[in-house]
Structures are given as structure tokens and as C-alpha cells.
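Dock chain B against chain A, hints included.
So the sequences go chain by chain: A and B.
Residue 145 is where the first sequence starts when you use the numbering used here, and the numbers rise one by one after that.
Residue 843 is where the second sequence starts when you use the numbering used here, and the numbers rise one by one after that.
No lab work stands behind these hints, which were simulated from the structure alone.
Treat the hints with caution; some may be incorrect.
Across the chosen pairs, the derived CB separations fall in these ranges [claimed, not checked]:
| hint | chain 1 | residue 1 | chain 2 | residue 2 | range |
| --- | --- | --- | --- | --- | --- |
| 1 | A | Ala211 | B | Tyr916 | 21 to 29 Å |
| 2 | A | Pro482 | B | Ser933 | 47 to 55 Å |
| 3 | A | Ser459 | B | Pro929 | 25 to 33 Å |
| 4 | B | Pro929 | A | Gly462 | 32 to 40 Å |
| 5 | B | Glu1206 | A | Arg311 | 29 to 37 Å |
| 6 | A | Val277 | B | Tyr916 | 31 to 39 Å |
| 7 | B | Leu1211 | A | Pro482 | 21 to 29 Å |
Note that beta-carbon positions come from the ideal geometry of N, C-alpha and C, so glycine has one too.
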Amino acid sequence: MQQCFSPGVGLLFKGFVAAAGVVGALSVAAAPQLPKDDSIVLERLPSKAADPAAAELKRLRAAASAAPESVDAAARLARRYFELAMAEGDPRYVGYAEAVLRRWPETASTPAELLVLQGLLRQYRHDFDRGLVDFDLALSSDPANTEALAWRAAILMVRADYAGARRECERLAEHSTALHATACAAYIEATTGQARRAHERLAAALAARSDVPPEFQVWVLTRLAEMAWRYGDPATADRHFRAALALGLDDNFLLAAYADFLLEQKRAGEVAALLKRWVRSDTLLLRLALAERALGLPEAAGHTRTLGERFAEASLRGERLHLQEEARYLLDLKGDAPAALAAAAENYQTQREPRDALVLLEAALAAREPAAAAPALKWLDETGFEGTRIREVAGKLKGMK
Amino acid sequence: MKFIAFLLVFLALPVHAHKPSDSFLALHVDGAAARLQWDIALRDLEFAIGLDADGNGEITWGELKAKRRELEAYALSRLTISSGEKPCVLSATDLLVDEHSDGAYAVLRIAADCSARPAGSIGIGYRLFFDLDPTHRGLVRFERAGGSAQTGVLSPEKPQLAFRAGEVSALDQFLDYLKEGIKHIWDGIDHVLFLLSLLLPAVLLFSGKEWQAARGFRDVFWDVFKVVTSFTVAHSITLSLAALSVISLPSRLVESAIALSVLLAALNNLWPVVFARRWAVAFGFGLVHGFGFASVLQDLGLPQGALLLALVGFNLGVEAGQLAIVSGFLPAAYALRGTWLYRRLLFTGGSVAIALVAAIWLVERAFDLKLL
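If we strip away everything but chain A, and leave its shape as in the complex, we get (with noise of 0.2 Å):
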């Protein structure tokens, strides 16, 4: 929750809207306010008219409308629409995109460079069959794009189709640098049983450059920080997961995978600390309610409401993009195992990541209902993924049928 209100309005809507959760949203019984004076700030936008990156971005928006017809426009600005959101966690630039992507059929005639964006939103969107298709149309035209091939090898894998992966990654090999063809099969090889070799592979091919640019030196070190905790060297993981901090970019991934590290390892503390400035992004602030409920902490009921309330407005929607951390919400936050294993198997239908696994094995058990985590479990017999917390659930469940 923003408090972009003077300090006492803030706060009142703040407890209004806490307490009045998802009817709150809709109801016309809601409070609205007549702000007493002109200079109040109601909303502070994410960048000033001034600043660089917003005067680049009317550039881009004026080029586009002025030629709606330039592929060339279109692909910018989209492009810098999908990056907004990345950075900024905002799905509303996801929408911009749309909107100027929307003149291009989705079909082989539309250039390859539009392909792959609108194969990137359809993907945003958890659309995964038609981001399939947009990047194997762009791939049509376009063999070598390395960008298609990675997006269909990640996509692949959040599907558990690990042969599908691995052949999109030895295609991506034959058009991209050593480090991230290592990037892309160790990736796979660390979900199949094999993180110690993937671990080792992926930390050489790292060592042997020296020109990586810090964002995707931020990935490959949170992935070596997973690879090590999956194979039980917590020591070498937080090494690594600390040299990623240390790079001092804001990563909403490498802070969500490290608090999820930190929870496990009991040091909820850290974790509260490390969050403290993040609840507006609902990932993270499941983390943080997490570590605030483990250390007993007064701020964990107000988080749990507020993530609540963001669950309740998606679902007015009618959208089902937060399943996994609903479920977890439901499973940790509030007790509630059977409905967390309704959304943990829901959410499993489409996605199939550890995390996605690991959640419907926990909502299960909880929920004492060992048949609804079948697929998971299968899925861990068929891969020999390693992981303690996982392996642990599971020989639990095993043990109820």
C-alpha cells in the first residue's frame, strides 16, 4: 500500500481498505475523500517528465504514432513498454505493448522482431501455447534469433518438457555465446538430478569471461546459488547469492529466491530486513509476511490482509496469474489447506517449476490428501530432483498412502 496521502489520510484508508478487503473494492459503501487542500499529493509517478528515460519514452511514443504503419517504431516501442514492466513490476505497460502490436497479425507474414514481442506478452499473460506458436513463427523467418529459441527453451522448462528444453538450448548453442549455451543446459540439467555438475559447469563457464554485463551476472549467480542449495552446500549458495546482491541491481527474482533460501535455513530475521522496502511487489510480500509471521513480528497481520485484498482484486478479473503464491498465501499465511491445495493444483496444471511442485507436495500434505499431489510426485520420481525440503515432503506423503 502507497501512502502518497498526507500522513492521516493515508493511514485511514490504509485501515479502510485493510478491513474491508475485496467487497471494500467494489462497494459503493467505500469511503472516498474530498482532499482539503490543492497541494496534496494523491499519486507519484514512476518517473518525472524531465527524466531521460520518460523524455525517450515520448520520443518513442511520438515516433510510433506519427509512422503506425513502421515495423521499426512499433518494435521499440513495445520493446521499451515490456522492459517498463520488468523493471518496474507494473503489468500495465504489458497492456501498452498490446495495444501497439495490435495492428500485426499474429501470423508467419508479420516480422520476426513483432513475432517475438507478442510471443513475450502472450507468455506474460501465461498464455504459454500461443507464446509457443509467436516464437516459432519468428523462428520461421528468422532462424538464428536467439531471443525466440531462449524464450522457447524457458517456457519449455516452466512446462516440465525437459527434452523440448534441451533441444531449443542445442539449437540456441549453435547462434550464441559459449556462457549462455552453458546457461541454458545447465539450467536444464540442474532440474534433472544433476545440479553438482550443472553447478560446476556453469561457475567455469562464468569464471572465463570477464566482459558480463551485471544484469545477467545476476542470473547466472542466483542460479548457482539454487544449484548449490540443491545439492545441499547451503554455504557456497549464500556466497553466491550474496556476490549477486553485491552487484546492487534491484531483482525482484534474486531477492525472492534468497528470502525463500533464508526461510528455509531459519533466518527469517535477514529476510525481514532484506524486504523491508518491497511490499509492493506481491512476491515479495509473501516473503516478508512469511519472516514476519516466523519472528512473531506485529507487521505480519497487515501484510496478510493486504496480500489478501491484492488476491481478492485479481480474482475480480477473473484472472489466475497468482496461484502459485495464492496457494502459498492460503497454505503458510492463513491455514487454509484445502484450499491451497485446490490453487496449488490448479496452478500446477499449466506451470510445473520446483517451486510450483514444492507447493502442491506441502498443500497436500497438509491438507492430508496424498493422491492430488500425484503429478508432483511423479514428476520428482521421473526428474530425481534433488532438494531436502522436497524430497522430506514427499517421503511424507509417500508414507500416508
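Then chain B, alone, in the frame of chain A:
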């Protein structure tokens, strides 16, 4: 660029921070007057019409007020409210502000003057921001004077919604569930096949070796009556228990058992084990089918406050559907009962076909496979 592109790949998937753009419409209908409260995010208005006049990255109340006329014109030209088929005249009365979970919103209060008393349906046509952001949604809460409310979502694919202006009466609700019940027995082919398998032999008599045509319509009628009634009583019991959450069974188990019931009923026609007491079979398996009906009812959702009414309506709907099937089947089967067509083709062939289909269902449902 290449590096960045690759990086984004693996980062983008799990990250959700804010919610996408929504506006909130609360429409209140009372007699001939309709009032609307419309909450629109300042972030969206900034993108559409520009609010931050001094460009300092902050939107103040003064800046919002200065754009009031433009905002009202922009928003109202993208919204229509109609009563019956006639458009209402909309006029903005107040501008306020509120906060939602993702930031500050402008709150427009709007009076709708509808020439006709909004007795029939109230329509909403909406296209705010759809040109700028196809993922934008208008979230509607429609409130009647009596206090009942309904919600809906407006999107580029569905830019119009209609709500019934008057109170939803108990009768309407009852009829809605009655219709759902009828619909389900017709859509739920497994229930129909189960019933048919039990009814096919009703016009015949088993001599111990083979099936022969039954004599009187009276006997046939009573036989059918007993089967249908026991099926109905049984599934009403479990439907009610499950719908009221007294008992719940895993749906895979229920669906598999339903398939098994169809299979056994069809096989019983080919190799008769039970004949005179088929009503007992209908009762036993009817209990299982009731759980199947209940899962449909759970998907529909039961209205709190009218729980019993909806339950009875749905149940009666199922019975009405069944009755329609029986009244179509019985006279035709009775007329044809002595023919080769009935005994070989319809009875034997039909039972074989039903058994095959049911066997496939059973494997599919029990092992979670897709065979067909």
C-alpha cells in the same frame, strides 16, 4: 542487447508485482434513478489525458481538479448506460479521490437520467482505455434498491453487460436452478446411458434363457416406474447431502464409479444377473450418481439464503429431464418390443455399445488417461 534479451527470459516468468489496470463501477438503481460511482486510476488517466501539469512526477489534487472537465468528457464519452433499450443521460456530479490496493483513484459520481423507469434490464456499454490498453477491465458492481448485488467484468471482448433492474425473485432463482437441472441431465450423457441401460429390458421378460416381449403395458409401466423412482430417490439423497457439505467424496472416485455403474447395467442386459430387482440396482447406483450431480451444483454455486430453494429446483430439473427421456423412450420401446429390430439391434446392440463406451470412460477416469 543479446545479453539483456536472454536475461529477461528467465526473469520474467515468475514476477508479478502490481495488478493490471482496472476501473471500478458501482451502479446503484433505485426506482427511475440510477447513480454511478466510477473509480479510475490516476496512473491510467495520466497516460490517457496527462494530469501531471508541472512534470514533477507527482499528481496533486490541484492538478487533478484543473483537468476535471477534460476528465469527465473523456470518461463519459466512453460509457453508456441504458434502460430497456433507451440510453440514459449521464451527468457527472462530484469528483473525489480514493485509494485501491495499487494506488490513488479519481472517483466520479454520476447521475443517470433514464426516461423510462428502469424496470426491465439495465445495460452498460464500456470502452474506457481499451484503445490504449487492451488488458484494461471495467469491474462492475450492480446494486438494487433491495440490497442484492451482482458483479461483472467489462473487457474489449465483452464491452457490454446487462443486469436485471428488479429484485431477483425467489421464483426466478428457483427457475434458474430448475433449468440448470434439466440442462445437466441432457448434457450428462453418462446419467442418460445408465438410465437407458436399466430401461431397455423393461419392455422384455427374461425367461431364464432369453429375453422375450413383455405382455401388458401395466406391468411394463410399473417396472419403469419402480426403476426411475428408486434412481430419483437415491440420487436426491446423496445430491442433498453433498450439496449441503455433509459428505464429500473425491471427484475421480465418483466419476469412475459412475462409469462402472453404466458398464455393469449394460452388461446385466447381455448376461442377466439381476432382473426383477433392477429397482434395487437403480437405487444403489443412484446414490453414486447423486454425488455426480452435486459436483455440477458446486460449480454453479449455491445462493446463500436460498440454498434449499435452489437445491429443490435443481433436483426437480433433473427429474423433469429424466421424465422427458422416459416418456420418449417408453411408448416407442413398448411398440417395438416384439420386433427383431428392438431385441437384437436396439437391446443387444445398444447394450454392447453402452458397455464399450462405459468401459472406456472407466479406464479414462480411473487412471486419468485420455483414450478418445
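Problem - Hints that the structure is at odds with (numbers, increasing) - result: 4
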